[in-house]
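> Based on the hints, put chain B in the right spot on chain A.
So the sequences go chain by chain: A and B. Each residue of the first sequence is one higher than the last, beginning at 1 in my numbering. Each residue of the second sequence is one higher than the last, beginning at 1001 in my numbering.
None of these hints come from the bench; they were simulated from the model. Quick reminder that beta carbons are idealized off the backbone N, C-alpha and C, glycines included. Please note that the accuracy of each hint is not assured.
To be verified - The calculated lysine-lysine pairs, modelled on BS3-like cross-linking and capped at a C-alpha distance of 27 Å, are: (1) K1268/B / K207/A; (2) K1203/B / K111/A; (3) K1268/B / K1203/B.
Stated by the list, open to error - Covered, in the sense of this in silico footprint (three residues per stretch, anywhere, with C-beta under 8 Å from a C-beta of chain B), are these stretches of chain A: (4) 101-111; (5) 207-217; (6) 339-349.
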Amino acid sequence: MNIHEYQAKEILRGFGVPIPLGKIATTPAEAEAIAKEYGVPVMVKAQVHAGGRGKAGGVKFCKTAADAKEKATAILGMQIKGLTVEKVLVTVAEDIGSEAYVGIIVDRQRKKPVFMVSAAGGIDIEQVAAETPEKILYLPVDTRYGLRGYEAMRMGFFLYPDVKLARQAATIMQGLYAAFMASGCSLAEINPLVGTPTGELIAVDGKMVVDDNELDRHPEIEALRDVSSEAPSEVDARNANLTFIKLDGDVGCVVNGAGLAMATMDLVKYYGGEPANFLDIGGSSNPEKVVNALRIITADTNVKCILFNIFGGITRTDDVANGIVTATKANPLKVPIVIRLTGTNEEIAMKILTDNGFTASKDMDEAVQKAVALAKGGKAA
Amino acid sequence: MSIFIDKHTRLVVQGITGRDGSFHTRQMIEYGTNVVAGVTPGKGGQTFEGSVPVFNTVYDAVEKTGANTAVIYVPPMGAADAIMEAVDAGCAMVVCITEGVPVLDMTKVYPFVKERGARLLGPNCPGLITPGVTKVGIIPGGICTPGNVGVVSRSGTLTYEIVYQLTRAGLGQTTCVGIGGDPINGTNFIDCLEAFEKDPHTKAVAMMGEIGGTDEQEAADFVKNHMTKPVVGFIAGRTAPPGRRMGHAGAIISGSSGTAAEKIEAFKVAGIGVADRPMDFVELIKARLK
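One chain only, chain A, in its complex shape (with noise of 0.2 Å):
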């Protein structure tokens, strides 16, 4: 789950990461009050799930609490990658002397949170990462022991060459990895991390990715969670307990099993049609899935034909099967349905769809064939 920065902020200020003030703005007024509150120049920023805010218009610097009024004006309600912006952080513009990179993500190939710090921070990471590695320094750290003193000073000493600006890197690192691990995170980053002219370190940007596995033992992340930032179907997709994401296509795919679904998607295009969503029901058999599932997917105009494609192992088939038969007599379908299954009670299963008036195949590939023909006007082979 995405936090906002606002949100990761006041996460990283409670674990002692010096931040600059601010506060959140809904209107232009608050922008403006907030500007004569701390005093300008300030910085006011949209607050969007969407990387490159910046280069979209959402970042901007304003001299006077007018202008950060003004500013606040055209920001809010600005469209950024397809998602527009409800919230700016008006927050005080530090002088920058330096910008260092600090980001720490948990590694799948070494099994561990990795640090990764750089004195070329404040343009994009990955760059640097592919141009110029040598000024990266990666440190793993074993969540056994936490993050040692000696290496957060190493990163520290990396970063800074003057002592006393190395040790306080050390103890933002130190901060930065508390709030990582308090907070169930799989990412979290500090970039820029600003040296003031004055000598001082400040965090100006934070972002902090949490492990939606993490959430339950989490409630106070979780209230974190801004659902107007998200596309409704998705969020309806989430609380009916389904993976659920929105693709531009026409074929709508509904699959048990993550691994199953992308293969299904893959095998629509193969066909030569487009998926208009990957939807995961998960393994366990509840008839109320598929009804949630189908009304999802048939609020989405843009399918012309819907695919069931279910290997039944902990799913039972005749669940599905009723799920499907319940979900279509309460709302008739519009666009053709496809149906495949096979696996656990498949012979009840498809004794419930004859006789309430549907085919089923037991073959993938025939079933995708077959879907994919219809979206596209025909008629199925």
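Here is chain B on its own, set in the frame of chain A:
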């Protein structure tokens, strides 16, 4: 012959009285797995279905029954502890079915297991099956048949799909292993490929990967440099949009690393047969077994 589990497997089920644990324990017993014990704290002294003794701790189960393999069906927040308990109690093979285990928990579990020389499969995996002999986990027994193809996969239902097609085509399996799709898992493709290479009965290997990470590319290198047996591979997620999470915590794709195209290219370079569709496994494997 087989890899990781065989007729000597003596299984203890952690979470045997739970909804999933009890259902799959019945399925495993029906398949012929030697389930010697169950563990549910507080239910020690009871018997599961009149035949399997239940203990409070894995230590008790191992001491009283000689269990050497554990399978875990406990809720995600307790899974890391359950894995470490099984390893500490002396189980050499631990299979964690539980989905949703926090990745930071796994950063502690992984070195714990390695330092004690045990093998962990999963978490978030369907387990494994040696057809006709034993199964540990949730792979449906009915779709498998004994034979000489080794199967290793990051997915659950996609594995079933391909095993089902192999079985229908008369291609039986030595062992089918689901390694799970999480970012940090105990057993990777290379561990399985190495075991299949050593197993005299395995004549070919079917491998199913996914987008995200570099495990498949490293597996391809291993095949190129260390394997004499033919391997056929498939990558799910060719059409996945970049930067989106597709249900598996591991299937996160960022930038150009971990794409399907990159993995398929690595397979080709290593001489691995590439199945464009799940159904293509059958012909590709048949051609290589001749």
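> Next, verify each hint and record whether it holds.
The hints, checked one at a time:
no.	hint	result
1	K1268/B / K207/A	violated, 38 Å
2	K1203/B / K111/A	violated, 32 Å
3	K1268/B / K1203/B	holds, 20 Å
4	101-111	holds (count 4)
5	207-217	holds (count 6)
6	339-349	holds (count 3)
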